[in-house]
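*Asks:* Start from chain E and add chain G according to the hints.
Residue numbers (our numbering), protein chains in the order written: chain E, 1 to 231; chain G, 1001 to 1253.
None of these hints come from the bench; they were simulated from the model.
If you're wondering where the values come from, they're calculated on a predicted model, not measured in any experiment.
Here a beta-carbon is modelled for each residue, glycine too, at the ideal position from N, C-alpha and C.
Each hint should be verified, as a subset may be incorrect.
Claimed, not checked - Taking lysine-lysine pairs in the PhoX-like style, the calculated list, with each CA pair at most 25 Å apart, reads:
no.	chain 1	residue 1	chain 2	residue 2
1	E	85	G	1176
2	G	1128	E	85
3	E	85	E	99
4	G	1211	G	1128
5	E	99	G	1055
6	G	1022	E	105
7	E	230	E	163
8	G	1176	E	206
9	G	1012	G	1055
10	E	85	G	1211
11	E	85	G	1022
12	E	206	G	1202
13	G	1055	E	85
14	E	99	G	1176
15	E	105	E	85
16	G	1117	G	1248
17	E	203	G	1211
18	E	203	G	1176
19	G	1020	E	85
Said to hold, decoys possible - Chain E stretches covered by chain G per the calculated footprint, using a threshold of three residues with CB under 8 Å from any CB of chain G:
no.	region
20	10-19
21	66-73
22	90-97
23	194-203
As the list claims (entries may be wrong) - Which residues of chain E face chain G? A few of them, derived with a C-beta cut under 8 Å, are:
no.	residue
24	100
25	104
26	115
27	116
28	128
29	130
30	132
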Amino acid sequence: MSNFLNASIGRKVFMSLTGLFLISFLLIHLTLNLFLIFDDSGNLFNQAAHFMATNPIIKIMEPILALGFIIHIIWSGWITLENMKARPIGYASGDQLLKWWEPAKNMFILGGMIAIFLVLHILQFWVKMKITGDPLLNEPLNMPLEAGVEMHNAYALVAGLFKNSVLYDIVYIIGGIFVGLHITHGFWSAFQTIGFNNNNWMKRLKCLANLIGIVFAIGFSAIPLYFLIKF
Amino acid sequence: MADIILKKIYVKVWRQNSPKAKGRFETYEVINVSQGTSFLEMIDILNDELILAGKDPIAFDHDCREGICGMCSLYVNGHAHGPDTVVTTCQLHMRRFTEGQTITIEPWRVGAFPVIKDLMVDRTAFEKIQQAGGFVSVNTGGVPDGNVIPIFQDDAEEAMDAAACIGCGACAATCKNSSAMLFVAAKVSQFAKLPQGQVEAKKRAKAMVAKMDELGFGGCTNTGACELACPKSISIAHISRLNREYLKAKLAD
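So that you can see chain G by itself, here it is in the shape it has in the complex:
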């Protein structure tokens, strides 16, 4: 298939010099972009032009560019990680856009994720939630032999599905309440389904929910937007498990 060149597109980007500075949108023209270009490469091309013109390039988060590190973010035309489903922004390509289109790029808008510069946000809040209980600290011994720990395949699969969370923040960014429930649910679920996670289950659910609330994330109203935006398709059924784990822990108090 011959490569299609987008002769001209308009990119409307949020520019903000520092966390405290007042931000604004600026629109740039980008010419001759191949539809085979990835979305982030398109911003690289734009940044090269900005640097050549002596301007400040657009700051944005990125790292692995293969959808596994959770570093890229960006809210593109009203969609977290762009209009494609089950991909991160780095896996989004310009073939999703058309000639002459205006592409609006915004940072994650979550109170608990303050903007550092332009499109970069500080996602330390997720690290703090994780540090509050998203780990196993009891001694579980060395690597066990295969099939020593009895566990149903379905449970192992569900734990793995939850563990697929890369902590990108798309759930909180897309949720109308900026709720981090899908993230916390995934981090609680990946342990709740496994025997190693049982020992600290009660402590974990309470501590992680308390930290999430403390950091200023909103509450879940079950709109389901998070699971649609999630690049790893993490199900909101995990949120129900988090609720269950939390209520069980609270009832035991």
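So here's chain E without its partners, still in its complex pose:
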């Protein structure tokens, strides 16, 4: 087993499986976030946020998700360092085969940018919702609550940021686009690594990867863009 963990293919299996797990998380994340732009009263989003905060399965998944992120990030750094060691002297004429912007060549850079974005994102929302609290969270809700139920106004916090800061709108739009680009390579690549690919599936998986990447990029950027334009 230890030599599997150290083997080049073994290491990549971790990247692949955590990557697919993170994509499935992002799909849920995006679906819930889109409630932000389909209900300006904020009730839909607040209910979704309340469900996510109280559901026992989600509570179990939260640390697993954190672990998924940590493994994906640490392993990527390890793999990239090892791969750089394999070419001690580079080419003077560079690489003219793949274009400089292709996600396949920039997964580590894109991933690094997303990691920086992730820290900011967690500080702005998760930390405030779960640990420090924020006055915006206690703003009155637009809907009646059942007795004994406490609900934060998560919408006020999120929409408040997007309504008031053009800078963060732009940061979140770029973050969304980077996540999309990362996935256009990551999705099919994950299947390639676990051996689920051949000449027929190559086209299908790449097509699906581009589709998912575009949906994520447009979906995530649409939210700050909506607040930027409307408010």
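*Replies:* Chain G in isolation, oriented as in the chain E frame:
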């Protein structure tokens, strides 16, 4: 079509006297080169001039000069085997270049392929990977009669596509990680699709991947650059098969 003569071109070549010596680029002028000349003939012409001038000729690997032996290498203007696709350097011609152009020629830059001299690299690492498991050692009997071994035409074709690998090293040379995965995948695939290769399939995949890692090649990040650089157009779908074979073997442990 009349032959076009390139009156002057500049060739910027990596010169390195020995494996341990410090290398440097040197630029040479080559005059009156016909566009019908092959790329390696152009270096022959340059070398003749260097010898006449009492200088050390440029060392480079070459043998069959018809794209089947896998001996020629060279990283030309940012492309393994030059700017043409699906050819080896020996099949590249000067018609791909223009008057006054500077052509940069570098050896394969792969840690596991140390430079021997100038543009020659030591590709023993590929031999070692092959020796680790790229063979069939069980007794498969004599040459069978036609159609005795039932095998789909598609499978036979795919095995042949993988077997087209000439082991030139362009995949590792062009990969940003210097990964040998396409080479290993081709060598594993050519057996994995055939019944004769099944007996040792598990042992083969594990041994060849372990040897590849041990020799210091990088890991595959699925950029697909290798299949674009490959003079035999070997598909990265074979890499997925290698991953599958390897993981299957590991799961059975």
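*Asks:* What hints, given by number in increasing order, does this structure fail?
*Replies:* 5, 6, 12, 13, 16, 17, 21, 24, 26, 27, 28, 29 and 30
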